[in-house]
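**Q** Sequences listed follow chains A and B, in order. For what it's worth, the numbering used here labels the leading residue of the first sequence as 1, then goes sequentially. For what it's worth, the numbering used here labels the leading residue of the second sequence as 1, then goes sequentially.
A couple of the hints might just be wrong.
What the hints assert, rightly or not - EDC-like, lysine to aspartate or glutamate: derived pairs with alpha carbons at most 16 Å apart:
1) A:Lys-274 x B:Glu-344
2) B:Lys-73 x A:Asp-295
3) B:Lys-538 x A:Asp-214
4) B:Lys-641 x A:Glu-254
5) B:Lys-538 x A:Glu-218
6) B:Lys-683 x A:Glu-218
7) A:Lys-284 x B:Glu-456
8) B:Lys-151 x B:Glu-344
Unchecked claim - Computed footprint of chain A on chain B; a stretch qualifies when at least three of its residues, placed anywhere within it, have a C-beta under 8 Å from a C-beta of chain A:
9) 169-175
10) 298-310
Think of the hints as simulated: they come from the structure by calculation, not from any bench. Virtual Cβ for every residue (Gly too), placed ideally from N, Cα, C.
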Amino acid sequence: MKIFPFHATGGAGFVSAVERPCVLNYLKSSSIGVQDKSDSMDGASSSGGGQLRDVLPNLSKSKFYDQAKQLPPGDPASASTSKSSGPVNYSALLVNPKQKGNPLLKHITSVAWQFEEGIAADYQPTRTAGILFLSMQYHNLNPEYLHERIKGISNMYDLRVLLVQVDFANSEPLLRTLNRICLLAQMTLVLAWSAEQAGKIVETYKMYENKPPDMIMERNADEPYFQMVKALCCVPSVNRADAVTLLSVFGSLEKIAKAPLEKLELCPGFGPAKAERLWRALRKPFLRLGVTQEDALKAAEEEEGDDEEEDLNDYDG
Amino acid sequence: MTRMLEYERQLLLDMVGVNCLLISAAGLDIERVMESLLRAYLDPRNLVLVVGTGSEQELRLANALGVPPSTQKCSYDEGGVVFVTARVLVVDALRDRVPLASVTGVVMLRAHAILAQEAFALRLFRQRNPTGFICAVSDAPSRFSSHNVRKVMRTIFCDNLLLWPRFHSVVVSALSGVTPEVVELHVTMTQSMLKIQTALLELLSYCVRELRRLNPGLLDELNVEEALASPRTLQRLLDPVWHQLGPKSRQLIADAKTLRTLLRSLCQSDSASFLAQLAPLRTAEYAQRSSGWLLLPAAESLFVLAKGRDGNEKEICPKWSALADVLEEEAKDDGENKILILAEERRTCRQLMRYLTKDEASSEDDQTFFKKNNCLVFLEPLVSPLEPLLAAFSPRIIILYDANVVAVRQLEVFQARNPEPRLRVYFVVFGGSVEEQLYLTALRREKDAFEALVREKASLGAGEVSVDVGVESAKHGIVLVDVREFRSELPNLLHQKEVRVEPITLKVGDYIVTRDLCVERKSVSDLIGSLNSGRLHKQATAMQRNYKRPVLLIEFEGKDVTRLPMQRLQLLTLLFPRLRIIWSPSPHASAEMLVELKAGHDEPSLEHAAASHRYDTPLLHEQFDTTMREFVSCLPGVHSKNLRSVLSRGGSLVQLFTMDAAKLAELTGTAAAGQSLHSALHKALSPNLQASYVKPKKQPLKRKWPSKKT
């Protein structure tokens, strides 16, 4: 199982030294052992960061890393404002330098992104949306980290996403805690099962910045042909290809419904069972056995002015 | 009513008033026993609830007893036998509308298909009524694995397992008295048929091999025999792992089913129809879709042989000539005999009809009998139960055109019940063919299943099935649950966790957990469907409008995660930043989460709910056929507002076809809608290519979600 270097080996130290001294304080007060560990790992992580900077020498923001390190432990807010002096390109996906080395960055390929010290979240696709990244494995070792990060971004964005990479074998208890934390902290929990998936999720948030909701809204003005295909697909075991076949063989719904069973059976893709099911279905009365038209209509009157959305997903039996 | 057979009498005595799970062999006709049993309770002083699902068996039973089936509204006031669906029973019990404490007993049909809501209904019954009987019956022994039978027995809170296989000594002696005279006709296949059969089997075993190769560890039990068994058996084997199969595997399974159909029709029909069935498989479209069996040499020889067989001299099915011989023989006698030919499929009946009457041009599809000398010959598809058919025709000679275990059993039972006249049964089967093999497999499978059950029964110690029914309390407060949600497991689990579950027709959300918290539950397939159709967008809008804390509960399982519609879900979160998402790996986890969410919060307010929700709305799905309701709702001109009117005034598709545009306008509410519905019903439809050319779909940066991490 892979653990992100900035998280697993020196994460806590790295985080606390740069911007979140309170984590360090917490660690000090809670357990000496942990503090020692974080101190010793701090060095490791800085050197790791140094290597990264060598790899990406053009990153203008990288110099703030050392500056930030020298800042006195104190108000993190003032620290972050002092850093955002350079021009911020808000059309790009902004990435907190703390995320350097996160493998998910490799998978952001379709949008421009840049490190930006001044952001509170880990990833900021838009001004109103912030994403915190959390590896479950890391959370298991350092549950306090998340609380501190959440404090840091409360009230900063309209949409606060907690992107959790499920990389821990026994994820169920952790998932439960994370669900609860997100409800309390009013964050939206999104899960990814690999770094690639996580990268694509971050990328999509940027890409969908100005996306109209059409994709997930009802389309009423479909062509009659496609509506009919959809209707035929409602019959159990009839799939899209079958529906297309039926319409091309018979033409109209009337001809399909009035075709003898034998003709239906001869359609490619139709066995006797499927043909008979369709044949029977199209002949079924709409009203269930024992329900009279009056009953049904009476219910209709009661429903008037009521825009009840009927759940179409209730299958019988 | 004919006399009861000995085993039926004993069965009845075993079952009356006790807790039991009865599993009988198929074809033994336990329906009759059930009828007698229930008839005994047809008295207002009793109240016996029959929990059904509207199956055909249940409809027949209700009809015989003269009580309404579970698809109709039921009333408990008059006592006697009441058919009710599990969902209605649960809702009624939770609303204290059914006097469960004074119910005599509960009868459960199709015990092999017990689901969450049935289990919930039985638990509620047991909690409030520790003495009433629970009797569950099934005639599908192969549906009970060792694990399954224990699960069912826990569900019905009893350890009394009654097994009635065909080899039960009482059954054997009852059916061995008067037996029909059986003539087995072993017909030999022609050379080309044998070769085709070999080729098909080879192709089938290729599919099975590929399936096992692609899914190591998943499908180890799968073999050719399994693939040849009924599609339902195969499906049951595959269901637990279905979501883990890739598209290639699924195509292989579809191909295996196609090959199986071909094998069957090879045994049933003539060369021309067989060739016609092959035709669609030779198209380029199918070749692209198929899993690659078309490239094998066996496939080539299959096509060549089938073509050659249908060459200048058309080869007729050897069974047909055998059948004609038998008819010739039997019709020679001067007596006025009635002969009944039973084939598995209606299609075969029609083919035989045309062949035997030498009337190729016959267009009257409904004609199911003809005269041969003095004999009346009927052609009927095999149905279960066979008894009404036999009683109606009272034939003396029966020809079984397809080998079928259940049909044979039913003939035995019918003969035992009606010793006079003695039946002569011709059993026409291809010797050494797949058909014969399938028949034997079906017999063996049932026998194996029973033997396993007998062992299970022996190992089932007293008290091993726990009768812990739990307690009903409102320790963790109240959750309002939409009545449609009772199909899922979650309400049952919430109830087990000592939450009071209040059924209510919710307009918004599925669960109201606290005053401000409203939950919409979605399985992954629901999530995909409702994101595509726009329903979830509407639901989220409504939740956000009515509740401070709208929650989307996503229930996912193991490999479901590769199917998650992430991009659409992300768009939803962007549009509804206040919508929280709970990820739950199982219904149990969901129940725990919901209970946890309740802690320290106000109870959901019925008043608040009543302001935006209403009790007791008759639901569309209770009054209308599910398939047709969905079908009609997709038609042009029909929308959620006029759906009910179209359905109840329209009556059926056939009736809709007879209506003109004006009448349809009346149904749909507007002239435009009526017009579009009218043209959709009658006009030939084809994809409007031009329209899609003029207005190309805008799909910037369309990217496939990575399906798997390599």
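**Q** Now tell me, hint by hint, if it's right for this structure.
**A** Against the structure, the hints:
1. Straight-line distance between C-alpha atoms of A:Lys-274 and B:Glu-344 comes to about 15 Å, which keeps the hinted pair within the 16 Å bound.
2. Taken as a hint, the B:Lys-73 and A:Asp-295 pair is honoured in the structure, with Cα atoms around 11 Å apart against an allowance of 16 Å.
3. Distance hint between B:Lys-538 and A:Asp-214 is fulfilled; the C-alpha atoms sit about 12 Å from each other, no more than 16 Å.
4. The straight-line distance between the Cα atoms of B:Lys-641 and A:Glu-254 is roughly 24 Å, outside the 16 Å bound, and the hint therefore fails.
5. Straight-line distance between C-alpha atoms of B:Lys-538 and A:Glu-218 comes to about 9 Å, which keeps the hinted pair within the 16 Å bound.
6. With a C-alpha separation of about 25 Å, the suggested pairing of B:Lys-683 with A:Glu-218 is violated against the 16 Å cut-off.
7. For the proposed pair A:Lys-284 and B:Glu-456, the alpha carbon gap of about 42 Å is over 16 Å, so the pair is violated.
8. Taking the CA atoms of B:Lys-151 and B:Glu-344, the gap is near 34 Å; set against the 16 Å cutoff, the hint is violated.
9. Here's how the stretch 169-175 of chain B fares: 0 of its residues keep a CB closer than 8 Å to some CB of chain A, so the rule of at least three is not met and the hint is violated.
10. Given a C-beta distance limit of less than 8 Å, the hint that chain A covers the stretch 298-310 of chain B is violated, as 0 residues qualify and 3 are needed.
This entry does not satisfy hints 4, 6, 7, 8, 9 and 10, going by the numbered hints stated previously.
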